[in-house]
Amino acid sequence: MGDWSRRQFIAAGGGMIAGIGLGGLYSATGRVARGEPMLRPPGALPEDGFLSACIRCGQCVEACPFDVLKLADLDQGAAAGTPYFVAAENPCNLCRGKDSLRCIDACPTAALGPVELGAINIGLAHICVETCLAYNGTVCRACWHACPFPDRAIRFDEMLRPRVHGRHCIGCGLCEHACPTDPRAVTITPVEYIRRHNDIQHNPGHQGGQEDGVEHGVGGGEGRGEGRGEGRGEGQGRRRGQGGGEP
Amino acid sequence: MSKPPTKPRTRRGPLWYRRWSTYRRLTAIAFLALLYSGTTGAFERYFRGSTSGTKILEVVPLTDPLAAIELSLASREFQTTALLGAAILVGFAIVMGPVFCGWVCPLGLTLDLNHAARRFIRKHVLKRRRLEPVPKPVSSETKYALLGVLIGFAFIAGFPLFQIISPINLLVRAIVFGSLLGLAAVGVIVAMEWVWPRLWCRALCPLGSFYDLVGRFGLFRIQINPAEAGKVPCKQCATRCPMGVPIMDEYTMKGARSVTHPDCTRCGDCTEVCPRGVLKLSLFPFPRKAAPATSCNPHEGDCECGDIPLPVMPGASG
Numbered sequence: 416m417g418d419w420s421r422r423q424f425i426a427a428g429g430g431m432i433a434g435i436g437l438g439g440l441y442s443a444t445g446r447v448a449r450g451e452p453m454l455r456p457p458g459a460l461p462e463d464g465f466l467s468a469c470i471r472c473g474q475c476v477e478a479c480p481f482d483v484l485k486l487a488d489l490d491q492g493a494a495a496g497t498p499y500f501v502a503a504e505n506p507c508n509l510c511r512g513k514d515s516l517r518c519i520d521a522c523p524t525a526a527l528g529p530v531e532l533g534a535i536n537i538g539l540a541h542i543c544v545e546t547c548l549a550y551n552g553t554v555c556r557a558c559w560h561a562c563p564f565p566d567r568a569i570r571f572d573e574m575l576r577p578r579v580h581g582r583h584c585i586g587c588g589l590c591e592h593a594c595p596t597d598p599r600a601v602t603i604t605p606v607e608y609i610r611r612h613n614d615i616q617h618n619p620g621h622q623g624g625q626e627d628g629v630e631h632g633v634g635g636g637e638g639r640g641e642g643r644g645e646g647r648g649e650g651q652g653r654r655r656g657q658g659g660g661e662p
Numbered sequence: 058m059s060k061p062p063t064k065p066r067t068r069r070g071p072l073w074y075r076r077w078s079t080y081r082r083l084t085a086i087a088f089l090a091l092l093y094s095g096t097t098g099a100f101e102r103y104f105r106g107s108t109s110g111t112k113i114l115e116v117v118p119l120t121d122p123l124a125a126i127e128l129s130l131a132s133r134e135f136q137t138t139a140l141l142g143a144a145i146l147v148g149f150a151i152v153m154g155p156v157f158c159g160w161v162c163p164l165g166l167t168l169d170l171n172h173a174a175r176r177f178i179r180k181h182v183l184k185r186r187r188l189e190p191v192p193k194p195v196s197s198e199t200k201y202a203l204l205g206v207l208i209g210f211a212f213i214a215g216f217p218l219f220q221i222i223s224p225i226n227l228l229v230r231a232i233v234f235g236s237l238l239g240l241a242a243v244g245v246i247v248a249m250e251w252v253w254p255r256l257w258c259r260a261l262c263p264l265g266s267f268y269d270l271v272g273r274f275g276l277f278r279i280q281i282n283p284a285e286a287g288k289v290p291c292k293q294c295a296t297r298c299p300m301g302v303p304i305m306d307e308y309t310m311k312g313a314r315s316v317t318h319p320d321c322t323r324c325g326d327c328t329e330v331c332p333r334g335v336l337k338l339s340l341f342p343f344p345r346k347a348a349p350a351t352s353c354n355p356h357e358g359d360c361e362c363g364d365i366p367l368p369v370m371p372g373a374s375g
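Quick note, the sequences are listed as chains E and Y, same order. Each number in the working numbering comes from the position in the first sequence (counting from 1) with 415 added on. Each number in the working numbering comes from the position in the second sequence (counting from 1) with 57 added on.
Among the hints, erroneous ones may be present.
Estimated spans, in silico, between C-beta atoms of each pair [claimed, not checked]:
#1 E/Thr444 x Y/Phe149: 35 to 43 Å
#2 E/Asp490 x Y/Arg345: 57 to 65 Å
#3 Y/Val116 x E/Thr553: 49 to 57 Å
#4 E/Glu573 x Y/Phe135: 48 to 56 Å
Hint data in this document are derived by calculation from the structure and do not stem from the laboratory. For glycine and all other residues, C-beta sits at the position ideal for the given N, C-alpha and C.
Next up, chain E with everything else stripped away, as it sits in the complex:
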């Protein structure tokens, strides 16, 4: 008995030292297993904090009444088991729960924290002028109708062309879901993608959106990739040129 306890604690202590070494090694190699940027639920911490605070229990996924949230699989590396959503398939409906949004209410950790509706920062909508109907002579207001902040996040210019205003856009993806073109002209770029590629120090709130500029409507047509299937993967390739061209 006593013998057993001693051996166990020696083993645990030795293991802890080894774990500290391995953790240092992992940190030194620059977090290799980091997954692709994806659209997180509203109220999520910045990506690194989110990955360390998310317990991967899936309660937010189950609490989501529209089955928007999904659980990342093992191919996402360190992000496996964390919630995400694909805006083109099923956008965030920003549904009210008891205290905050439903997924935020369900979260047992600090990974999803209570947030004002306007301060949510999931990502940023981006309109591709090459495929957008309104930029090509057709009257289309699908994104504007879907937007929870019409005339603030999406505004029309004098030619009735939609423009995204980063100060108000929260990245819910309703516009992307509503966009009638194929591939979709409006896509949501995850904040994590913007942070990695613009190297903006990002806090929950709107710093990222503000710095990322108001002129998203016409900013990034040239960097566009070919097809858009999943929304996450292709979204990156498309944004790369745009991100470089930003201030």
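Here the structure of chain E is known, so what remains is to put chain Y in place on it, guided by the hints.
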């Protein structure tokens, strides 16, 4: 003269003697069904979550204690809800012992059923009647080392590694959320079971080692009846034990009245094979015996202890 010990066994019926394995499988299946019901809209508000963390009736949080520790270390923040849920389970484990492993864990259920299938095939298909000792390729202390590794890693690297790669979570995510990639890891572990039975639970599972550490003095455990113990050294309990715990050794060496081996998962298999009712799975120990058990030789006919009518499972005779 003494009755043959088979008679009371048959009177009880096989279901009664298999009751612990039935109960523990039923609780594990019920837990899994609850987890699955969380994905349906109707039951989501009653029971929600997975093995990492659940919430019951929107009020009571239950959190995998190892997950809560990893999280708090990784995020360097006191995660109140998670730690509260963990405290409930740790408190339960302190009182009841590491019952999670044998009675709740979905991976434990899988490996248990797999082990039963392996035993059945060995006995009835391969016709190997000879009992084999449990092979132990890896020392049981490995799981404590792995526990330490995970905690140290979570603190330095800043993310809860075990919540990502834990086969328990992978299995639950595959069943409840349909993340099928993780099933490969579970498949590897199940395949290993056919060579080394219960290797994961006995030697590798860090969550099991955590529950072992906190539930060492839990009350719900295998109790040894001192009035019956040590008369027939048949060793069927130790041979049957899926973890290879030498169940009666503590009794014969030190006179222990219960099994406190750290590998014991409180599954109750040993009570089912014991021919003399020496063992029971209970919160309460057997009453202390009046006379020492070794006072007479049970193989002699005039021995006093030979006349004991052998109620095989004490407390339920009659």
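| said: Checking each numbered hint in turn, tell me which of them this model violates, lowest number first. | reply: Of the numbered hints given earlier, the structure breaks none, since each of them holds.
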